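**Q** Each chain, written out:
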Amino acid sequence: MSERILMKGNEAVGEAAVRAGCRLYFGYPITPASEIAEYMAYRLPQVGGTFVQAESEVSAVNMVYGAAAAGKYAMTASSSPGFSLMQEAISYMAGAEVPAVLVNVVRGGPGLGDIQPAQSDYFQMTKGGGHGDYRLLVFAPYTIQEVVNLMPTAYELAFKYRNPVVLALDGLIGQMMEAVEFTDFRNPDEIPIPEWAVSGKFRHGGKKNINTSLDLIPEKLEAHNWKLQKKYSEIEEKETRFSYFGVDNPETLVVAYGTVARVAMSALKKLLNAGRSIGILRPITLWPFPKQALAEKARHAKRIVVLEMSSGQMIEDVKLSVFDPNKQYEFYGHPGGVTFTPTEIEEYLVRG
Amino acid sequence: MKVVYERPKTLEKVTNHYCPGCHHGILHALIAEVLDEMGLAEKAVGVAPVGCAVLAYNYLDIDWIEAPHGRAVAIATGIKLAHPDVLVFTYQGDGDAAAIGLAETMYGAIRGVNVTTFLYNNAIYGMTGGQMAPTTLLGMKTTTSPYGRDAKREGYPLKMAETIALQGGTAFSARTALFNPKMIMETKKRIRQVFELQMKGAGFTFLEVVGTCPTNWGMSPVDATKFAETEMVKTFPLGVYKELKEVE
Amino acid sequence: MSDRPNKVVIDEELCKQCELCVVVCPVHALRISDRINTKGFHPAELYEYDKCIMCGFCAMTCPERAIAVYRPEVQKA
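Sequence order for the protein chains is A, B and C.
Everything in the first sequence is counted per this note's numbering, starting at 1 for the first residue and increasing by one.
Everything in the second sequence is counted per this note's numbering, starting at 1 for the first residue and increasing by one.
Everything in the third sequence is counted per this note's numbering, starting at 1 for the first residue and increasing by one.
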């Protein structure tokens with residue numbers, strides 16, 4: 001660990017990526033994610049990297065696709081409407097097993113929506129998002145420090161599993177400033193070019209590499225898809241992350257992630273001090289979803305309260321995880337860019 | 001015994017999926033010949049499109065990636081920036097490069113991305129069964145212009161080689177064809193030229209190649225080849241539209 | 001025929017009977033044969049051996065690259 005710097009969330013995303021070894025960034029401006037591109041445009045030339053402002057999000061994500069298929073750490077970032085445009089390429093990348101780190105600074109939708117923080121892209125990010133059967137590893141950090149800490153992991157796992165990884169931020173984390181401590185630089189020249197990369201035959205023993213998501217023989221495509229599912233099962237088994245704060249067997253279990261979890265935490269602290277039987281489970285990976293942990297924490301709970309900046313998306317996974325019709329499931333949300341206040345959450349939890 | 005012609009080493013010895021007489025096979029072979037002659041097969045990466053040439057990766061013994069429809073130049077941009085020492089080319093049809101992927105192709109030229117694009121222009125969507133392409137000739141009947149392409153209704157054929165030549169980052173833009181041995185030799189010469197330019201870091205190089213689609217034009221391969229020679233070239237004049245003489 | 005040196009060698013399995021080679025041949029030495037390959041095409045063949053000038057036009061036109069062309073060494077007396 002080196003220096004501690006006061007930094008905006010979006011800029012920290014950029015610096016963390018640079019330190020993780022990313023030297024190729026492809027972007028297209030969109031509020032509230034533009035500062036990531038701006039930071040990379042300024043920062044990458046200083047470290048021998050390349051920033052390209054693409055003609056669209058579609059093009060940006062395909063440039064990432066090319067660079068990542070060539071075996072390099074690449075990145076793009078966007079916000080909800082732009083992230084929608086990227087879905088086609090993300091589906092291809094999942095099918096062709098191309099690793100990449102993609103950042104979605106989620107804003108209110110649907111459509112052009114607004115530019116305020118939201119969590120309404122949960123389904124899109126965790127259930128695939130584009131066409132076909134696939135999954136993305138989705139990290140939902142709740143502080144800028146956690147964004148920074150997760151970045152090297154995001155790249156490692158993307159390459160380990162050859163799968164796109166999404167960092168799901170929201171407008172609040174992207175725009176706020178916080179003191180963060182950065183990890184040391186990883187030298188990108190020391191990151192090996194994988195054997196499977198399309199990088200010229202001379203780089204991998206003279207045998208040609210083909211990167212494609214196409215297989216016209218249905219039996220072969222089915223076998224490939226089962227292989228992908230096996231990989232997803234392994235990710236579910238090994239890479240599920242969450243944190244829990246509260247009493248061991250709470251009567252009221254709160255489930256929230258990202259900014260909402262952060263706001264809820266202060267409410268929870270007050271209620272715990274007041275002696276309430278309460279706890280909050282915060283998924284750090286939205287996919288794989290912490291199903292087992294949630295089921296265990298919910299075992300003695302009467303109320304399960306899901307807080308989201310959407311009209312209720314994660315709650316479906318919560319119900320599927322707990323899988324008990326006798327529990328009381330409550331949803332309290334803000335779709336459209338309104339952020340929770342701690343008092344509001346506290347009052348809701350007390351009032352019921 | 002002297003070899004006048006033998007199948008190039010880099011052209012995989014498999015039967016391709018193209019219809020009898022389709023000029024795609026000729027263009028594939030010419031690229032393979034030039035790669036062999038320049039000794040670049042080990043350093044080459046091809047970007048295959050969506051369309052008839054989607055399976056191009058099965059035919060040339062080099063590294064390949066199959067791009068989403070129209071995005072070949074964006075994919076190529078990523079690869080080239082990842083490995084500036086490799087030769088990167090896209091192989092696209094008119095629908096891929098000039099309709100859905102027009103923005104990506106244009107920005108390859110605008111940005112001067114140091115990659116090569118081959119555009120096989122046969123004025124039709126072949127793989128999907130003969131629909132109208134951006135390059136369909138006026139009056140030409142396709143399954144989606146069944147009364148013939150009418151400029152008032154369907155607009156005009158898009159002239160890519162000329163358009164690409166206008167962009168600042170273009171190092172080379174030309175249109176050739178494959179309808180006779182002279183043009184085949186000319187096309188091969190230009191393939192060599194664009195690869196040489198790319199290896200010098202010249203910028204975006206673009207070669208539009210007028211080809212045929214005997215199946216969807218409803219012609220025999222011989223008639224289709226004649227149609228390319230007599231009709232296609234009226235709308236798509238052959239020639240070099242931009243050529244960087246000196247590379248900085 | 002078999003004892004004569006090769007001029008035009010056609011891989012009959014690769015041939016799709018498009019006839020482009022037949023048409024392009026400047027001396028009309030090629031034709032479509034009566035034989036049939038496993039794909040159901042009648043492959044092209046060299047039927048006028050003596051006319052063939054080994055120009056290579058057939059080979060460079062063939063979309064399948066099914067044709068190889070060789071120039072036999074001139075026998076010195």
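The reader is advised that the hints may include incorrect statements.
Here are the simulated lysine to aspartate or glutamate pairs, EDC-like style, with alpha carbons at most 20 Å apart [what the hints assert, rightly or not]: (1) K2/B <-> E73/C; (2) K160/A <-> E97/A; (3) K2/B <-> D11/C.
To be clear, the hints were calculated from the coordinates, so they are not data collected in a lab.
It should be emphasised that the depicted structure is a prediction, and the values quoted were computed from it without experimental measurement.
**Q** Indicate, hint by hint, whether the structure satisfies it.
**A** Checked hints:
1. The suggested pairing of K2/B with E73/C holds, with an alpha-carbon distance near 7 Å, which does not exceed 20 Å.
2. Of the pairs offered as hints, the one joining K160/A and E97/A holds, with about 11 Å between alpha carbons and a cut-off of 20 Å not exceeded.
3. Among the hinted pairs, K2/B with D11/C is consistent with the structure: their alpha-carbon atoms are about 19 Å apart, no more than 20 Å.
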